[in-house]
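Chains as they are written, first to last, in full-length UniProt numbering: chain R, 1 to 130; chain V, 1 to 130.
No wet-lab data here; the hints were simulated from the structure.
Don't take each hint at face value.
Here are some of the chain R residues that sit facing chain V, going by a computed Cβ distance under 7 Å [as the list claims (entries may be wrong)]:
| no. | residue |
| --- | --- |
| 1 | Ser23 |
| 2 | Gln25 |
| 3 | Arg73 |
| 4 | Asp74 |
| 5 | Gly75 |
| 6 | Ala103 |
| 7 | Thr117 |
Residues from chain R that face chain V, not an exhaustive set, calculated with beta carbons under 8 Å [unchecked claim]:
| no. | residue |
| --- | --- |
| 8 | Phe14 |
| 9 | Thr22 |
| 10 | Leu27 |
| 11 | Arg33 |
| 12 | Val36 |
| 13 | Asn50 |
| 14 | Leu52 |
| 15 | Val56 |
| 16 | Val111 |
| 17 | Met115 |
Beta carbons: idealized from backbone N, C-alpha and C, even for Gly.
Number of protein chains: 2
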Amino acid sequence: MEEPTPEDDTALAFSVFGSACTSRQALQNVTGRWGVLAIAALSDGPYRFNALRRRVEGVSERMLSQTLQALERDGMVDRAVLEAIPPKVEYSLTELGTEVAVALRALIDVVEAGMPTVTAAQEEYDCNRA
Amino acid sequence: MEEPTPEDDTALAFSVFGSACTSRQALQNVTGRWGVLAIAALSDGPYRFNALRRRVEGVSERMLSQTLQALERDGMVDRAVLEAIPPKVEYSLTELGTEVAVALRALIDVVEAGMPTVTAAQEEYDCNRA
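With the hints as extra help, turn the sequences into a complete structure.
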């Protein structure tokens, strides 16, 4: 057997390329349509449900609720019920969620900064096929 | 009006939080179920279609084809037809695609390294609701 390099070793433990690996679903939960925006928003600090829903423009109550549940189950988001009348529920990132958020914000920065390139590429692509 | 901080300024140019901003779709194309894996795979080097399909375990021909088209249109992926009989088609990352890949690999590393935490959180979540 070949000696695995340190990189291979990490890849073997959990690899998102394997269709049955649980890490693929965890990655999908943080990169999904609303998961990525919820985590990026929560990297600004804790949010209550409705404030988060306003921040993540266009998300339905149902979808945000499902998204937060999946992220809470994966240990990315903490859900805290604060003593108040009526009780307040606040969402925040866990330590792992914060690490994920840092990586996601870096990705978002690359995409946002690259938008002039993206737009130019789209125009060229569409013209060549018109 | 409040003076925008530099961070706000960047966010105003292109913001994935705005439901109508084109950057949201571009982000979704690189973080989508197959987009993220295709880009991460291509960060190892160019791939021909079938080899890429084997690497991104579980993707159908149709979905991989749609994914690559969207990424090509966004200027993330180059599609090169190599002179040969039969002609060979090779996919590789553009400069922007490479930047995105670096950010995505960092994200994947965080998720894969965090899987013990994720698994423990899932078990606790499921037990508390059983």
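For each hint, the structure was consulted:
no.: 1; hint: Ser23; in the structure: holds (5 Å)
no.: 2; hint: Gln25; in the structure: violated (9 Å)
no.: 3; hint: Arg73; in the structure: holds (4 Å)
no.: 4; hint: Asp74; in the structure: holds (5 Å)
no.: 5; hint: Gly75; in the structure: holds (3 Å)
no.: 6; hint: Ala103; in the structure: holds (4 Å)
no.: 7; hint: Thr117; in the structure: holds (5 Å)
no.: 8; hint: Phe14; in the structure: holds (4 Å)
no.: 9; hint: Thr22; in the structure: holds (7 Å)
no.: 10; hint: Leu27; in the structure: holds (5 Å)
no.: 11; hint: Arg33; in the structure: holds (6 Å)
no.: 12; hint: Val36; in the structure: holds (6 Å)
no.: 13; hint: Asn50; in the structure: violated (16 Å)
no.: 14; hint: Leu52; in the structure: violated (11 Å)
no.: 15; hint: Val56; in the structure: holds (7 Å)
no.: 16; hint: Val111; in the structure: holds (5 Å)
no.: 17; hint: Met115; in the structure: holds (5 Å)
In this structure, the hints that do not hold are numbers 2, 13 and 14, in rising order.
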